[in-house]
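Engineer: With the hints as extra help, turn the sequences into a complete structure.
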Amino acid sequence: AQSVTQLDSHVSVSEGTPVLLRCNYSSSYSTSLFWYVQHPNKGLQLLLKYTSAATLVKGINGFEAEFKKSETSFHLTKPSAHMSDAAEYFCVVIPSGSARQLTFGSGTQLTVLP
Amino acid sequence: NAGVTQTPKFRVLKTGQSMTLLCAQDMNHEYMYWYRQDPGMGLRLIHYSVGEGTTAKGEVPDGYNVSRLKKQNFLLGLESAAPSQTSVYFCASTSDYGYTFGSGTRLTVV
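Taken in sequence, the protein lines are chains A and B.
Position one of the first sequence corresponds to residue 1 (my numbering), numbered consecutively onward.
Position one of the second sequence corresponds to residue 1001 (my numbering), numbered consecutively onward.
Incorrect hints may have been included.
Straight line, CA to CA, 20 Å or less: simulated DMTMM-like cross-link-like pairs of lysine to aspartate or glutamate [to be verified]: (1) A:K49 with B:D1096; (2) B:K1014 with B:E1079; (3) B:K1014 with B:E1030; (4) B:K1071 with B:D1096; (5) B:K1071 with B:E1030; (6) A:K42 with B:D1038.
Rather than coming from a laboratory, the hints here were simulated on the basis of the structure.
Structural biologist: See the structure below:
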């Protein structure tokens, strides 16, 4: 069974408008959840991490994500998109009982239009 | 600077050739991982290690071998490269405080 599903492979928004990147996870997996960002031809950068301390997690560059156990969702949002936000975003989980290996979603490519 | 260093950064191989990718970390992390990244598929785990002298298979281990003879190094080997192994390879390590990724190795098999 897919442990983490990113519901949109591509999202386009206009600069200054809100961003919503959707992620659902399997409830049989760990509740350690992450969002990573990868800019073109670059490495991976951690945006934010959920570890059950608070359901609303704030990350870098104005991004935040809300953990909703009842919906098994961990959607990433930002109130106002900037051109520099154009990148690929990955929702990531750690399977329960694993050797801490990260399991990645298939990614969402965010395009920001001027 | 402390971190994860991958060598080489780029490589072109002919089908059937062999090569080794080196991942080195200087943070004394126990856990190390090799991933491959392909378009539309995210990162998939190839092999991992939970400590010096240990290795285990991940999601896509076929065609790869690994070794962790020293705690700081995790080697990924391709014995007989195939075009399907064209990909970007990332190494990562972790402690209790977070994950650190290398900058990637772009491998093309022709």
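Engineer: Hint by hint, note whether the structure agrees.
Structural biologist: Each hint tested on the structure:
Proximity of A:K49 to B:D1096 is assessed by CA-CA distance (about 13 Å); at most 20 Å being required, the pair is judged to hold. A hinted pair counts as satisfied when its Cα atoms are at most 20 Å apart, and B:K1014 with B:E1079 qualifies at roughly 12 Å. Distance hint between B:K1014 and B:E1030 is unfulfilled; the C-alpha atoms sit about 34 Å from each other, more than 20 Å. A C-alpha spacing of about 16 Å is found between B:K1071 and B:D1096, which places the hinted pair at or below 20 Å, so the restraint holds.
For the suggested pair B:K1071 and B:E1030, the alpha carbons sit about 7 Å apart, so the restraint of at most 20 Å is met. At most 20 Å may separate the alpha-carbon atoms for a hinted pair to count; A:K42 and B:D1038 meet this at roughly 14 Å.
Checked against the numbered hints listed earlier, the structure breaks hint 3 alone; every other hint is satisfied.
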